[in-house]
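K.L.:
Each chain is listed here by its residues.
2 protein chains.
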Amino acid sequence: MSSFKFADEQLAGVYRAIRERRDVRTGFLPEPLPEELLCRLLNAAHQAPSVGLMQPWRFIVIRSAEVRRVVHGVFSDASRAAHETYSDERAELYSSLKLEGILSAPQNICIVCDPDNAKGHRLGRHTMPETATYSVVCAIQNFWLAARAEGVGVGWVSIFDPEALKSLLGIPASFVAVAYLCVGYVESFAAYPELERAGWEKRMPLEDALYSEHFGRPYLPEEKNS
Amino acid sequence: MSSFKFADEQLAGVYRAIRERRDVRTGFLPEPLPEELLCRLLNAAHQAPSVGLMQPWRFIVIRSAEVRRVVHGVFSDASRAAHETYSDERAELYSSLKLEGILSAPQNICIVCDPDNAKGHRLGRHTMPETATYSVVCAIQNFWLAARAEGVGVGWVSIFDPEALKSLLGIPASFVAVAYLCVGYVESFAAYPELERAGWEKRMPLEDALYSEHFGRPYLPEEKNS
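Sequence order for the protein chains is F and A. Counting from 1, position 16 in the first sequence corresponds to residue 15 in numbering that gives the first Met the number 0; the numbering is continuous, with no gaps. Counting from 1, position 64 in the second sequence corresponds to residue 63 in numbering that gives the first Met the number 0; the numbering is continuous, with no gaps.
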């Protein structure tokens, strides 16, 4: 056992946030988050790891109902186009899904990446420049987990033409629009992922995603492996 | 305040894991992680959000010293090439950095993404297919935070030719090699990021990464904004 292990309740909090985090699309409450709480969540994001310590994330906090309405239009266009690619029961199922809370969540946050920033001096990015964007995703996951622990719902919407979203929010061409989050207090957190409850997809067991030593080789626990 | 907010100690645990998580490259201890603990961490990763519930992550757990030696060779090639792009003090500083614990961490984990998997029925990926890879990064950050709470160190190495790494580990061509993690018990967790302590880069304040409503527009707190 490690002497750096957290005490029981703190450890339980980490696993609970991971287990009970949900992608929330329904049941947002209209009350805005207190400024202090939102800043705690943004600070949690800002403490994410980043390649070369480049901290390439930028957060655009959107509260304006007008901006959210236009963003919702960009979502609707992409969602309609996606719907047309499905047929029969799958198309019907798609129509029944609630996929975003852009208008109902009082805070939206667009999170972008500056992949060419000189900060970090390219360390770790010579052969894998995509790690700049990955750092931004780590920040998003920090935000999401801290939000769950605070009882705040977060939904990640990716049904957008990213170039339309960038143009709308004035995001420079060289930046990457990584995520669009709907954030707010919620009526409840679902016990299961929304898409599982709606019958869209099932979760697979961890075993199906695990290999030992080499891709495709069955996983062997430590004892049998050594 | 939300009625779904965690009790104080559990909430503190989440923020502490986020704050005290470090990218660990030195001080790994030779004792392997108990199988049960490693599985708890992998399960934490497996509970990450994923676009369309596609769960595109696959974990290759590497314990073999031989495999780690060959991987270390791939790292060394890339690191030498990166070194040659720096000059003067920056080149010297680069040489002084310890960038990975491939041989000293008893567990290495290569985490890959299957971006074309039919699971999830492409939901959320029509216009932003990159969200498959982003889901894998969310899983990595879950793993990293749970590891910190358990007192386990994790270091993310991205100084590789990803194609060389894929070839070495038998990863199919259509998959993305997202991350290579060095994992193990550690002597200590640093108070500050390694790259900051070494003088490679400084952390910037959150304020420099925050905008309101539109890219580039100064951030306005809730009270003044509405």
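It should be emphasised that the hints constitute simulated quantities derived from the structure, not laboratory data. The reader is advised that the hints may include incorrect statements.
To be verified - Straight line, CA to CA, 30 angstroms or less: simulated DSS-like cross-link-like pairs of lysine-lysine:
#1 F:Lys4 - A:Lys97
#2 F:Lys118 - A:Lys165
#3 F:Lys201 - A:Lys165
#4 F:Lys201 - A:Lys118
#5 A:Lys201 - F:Lys201
#6 A:Lys97 - F:Lys97
#7 A:Lys118 - F:Lys4
#8 A:Lys97 - F:Lys118
#9 F:Lys97 - F:Lys201
#10 A:Lys201 - F:Lys4
#11 A:Lys4 - F:Lys165
#12 F:Lys4 - F:Lys97
To be verified - Output of the computed footprint for chain F on chain A, the stretches with three or more beta carbons under 8 angstroms from beta carbons of chain F:
#13 5-16
#14 77-85
#15 201-209
Yeah, the Cβ is synthetic: ideal placement off N, Cα and C, and Gly gets one too.
K.L.:
It remains to establish, for every hint, whether it holds in the given structure.
P.N.:
Cross-check of the supplied hints:
1. F:Lys4 - A:Lys97: Status holds; Cα separation ~24 angstroms.
2. F:Lys118 - A:Lys165: 28 angstroms, holds
3. F:Lys201 - A:Lys165: 28 angstroms, holds
4. F:Lys201 - A:Lys118: Roughly 9 angstroms separates the two Cα atoms, so the pair holds.
5. A:Lys201 - F:Lys201: 44 angstroms, violated
6. A:Lys97 - F:Lys97: 48 angstroms, violated
7. A:Lys118 - F:Lys4: Distance ~36 angstroms between Lys118 of chain A and Lys4 of chain F Cα, so the pair is violated.
8. A:Lys97 - F:Lys118: 19 angstroms, holds
9. F:Lys97 - F:Lys201: 17 angstroms, holds
10. A:Lys201 - F:Lys4: Holds. Lys201 of chain A to Lys4 of chain F sits at ~28 angstroms (cutoff 30 angstroms).
11. A:Lys4 - F:Lys165: Between Lys4 of chain A and Lys165 of chain F the Cα gap is close to 34 angstroms, so the pair fails against 30 angstroms, i.e. violated.
12. F:Lys4 - F:Lys97: Outside the cut-off at roughly 40 angstroms; violated.
13. 5-16: holds (count 11)
14. 77-85: Since 5 is at least three, the answer is holds.
15. 201-209: This one holds; 6 residues, not fewer than the three required, reach chain F with a Cβ under 8 angstroms.
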